[in-house]
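Given the coordinates of chain A, work out where chain B should sit on it, guided by the hints.
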Amino acid sequence: MTGEQIIFLVVAFFTLGSGLMVVTTRNLVHAAFWLVAALFGVAVVFALLSANFLAVVQVVVYIGAISILFIFAVMLTRKEMRDRGAQLNRNWWFGALLAVSTFGGLFFLLRGWEGFSKTAPAYPASFDAVSELGNALVSPNAYVLPFEVASVLLAAALVGAVYVAFGRK
Amino acid sequence: MVPLSWYLIFAAALFSIGLFGVLSRRNAVAILLGIELMLNSVNVNLAAFWRYGDVRMMTGQVFAIIVFAVAAAEVAVGLALVISVYRRRNTVVADELDLMKW
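Those protein sequences? They're chains A and B, same order as listed. Everything in the first sequence is counted per our numbering, starting at 1 for the first residue and increasing by one. Everything in the second sequence is counted per our numbering, starting at 1 for the first residue and increasing by one.
Isolated chain B (complex conformation):
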């Protein structure tokens, strides 16, 4: 049987990889890819705590489904913003989008 710690360490590693992608990629689409990895690692944690706690309490799975819905909404709006920005400024490089920088 796999101990809970393996799942938690796996999720922490996946979260850190996603965090690295968010912080250091230049392309806005790649930043959204990193956010997807982070959301997935959170879902792994939720499912693991559901399984290793009381299986009859469905809170962990319900929370994971809400995270799915939020991730879908986030990706739809985020990619629409990226496409809109690309149309107006012809770039998707995050550090060239400095219109609101003071």
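Next comes chain A alone, as it looks inside the complex:
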């Protein structure tokens, strides 16, 4: 066991435990905070994968914006749901069965693949992934079109969200 493997295992179990708390805890505010913990775990996994930019974006976008949005939504819609009745629906066992079989199916599918236990190639020295990524996002030969479409999508989604949630009399 190298140090990196131990760090990975600790972070992975922490993230999976937080994820389980997200889907099982009764109080939705707590679920939103557990989601923050799980997102932090995923950010650490990105850092372990030396995807530095993704780790920073994960913290800024997911933890800074999306989870705050969730906490606001929970607080705006909370009074009905607080502690009334079950948090899981009647068919929760079917959902659990489907989730477990999805995991099993993915596991067996991946186990048959020859690249499954591949180790990472050495990270090239003096390779700047962030500037490379920036170039790829604005280069006409690479991904400028998906990038622009994503910004149009975000603008449309924000306008649509304001329109949908706007309170008319």
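Think of the hints as simulated: they come from the structure by calculation, not from any bench. Hints are all accurate, no fakes.
From the derived model, a few chain B residues whose C-beta atoms are all more than 10 Å from chain A:
#1 L97
#2 L99
#3 M100
#4 W102
Which bits of chain A does chain B cover? Going by a derived footprint, with three or more residues having C-beta under 8 Å, they are:
#5 13 to 19
#6 32 to 42
#7 47 to 53
#8 88 to 100
#9 107 to 118
Here a beta-carbon is modelled for each residue, glycine too, at the ideal position from N, C-alpha and C.
Showing chain B alone in chain A's frame:
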């Protein structure tokens, strides 16, 4: 060095947990929380394949950034819908929203 399989199994487990949340929570906001977990596990997969393939090909990271943008858009519209529904029908329980059920 961590083998690729650990990342893939981790992402599959996180995806399954999110799937369980989506399928079995009653609260609409909690369903969106499950969707966030699923999107995150996909991003872990994309970053892992970027790192374990050719690092000079940025496709994996670019795809992950597009997934970030789509997730932000999805959450904004989804939570706006939940708040709008709550305002009109005073409930966020998914199985009570049966207006369009035949």
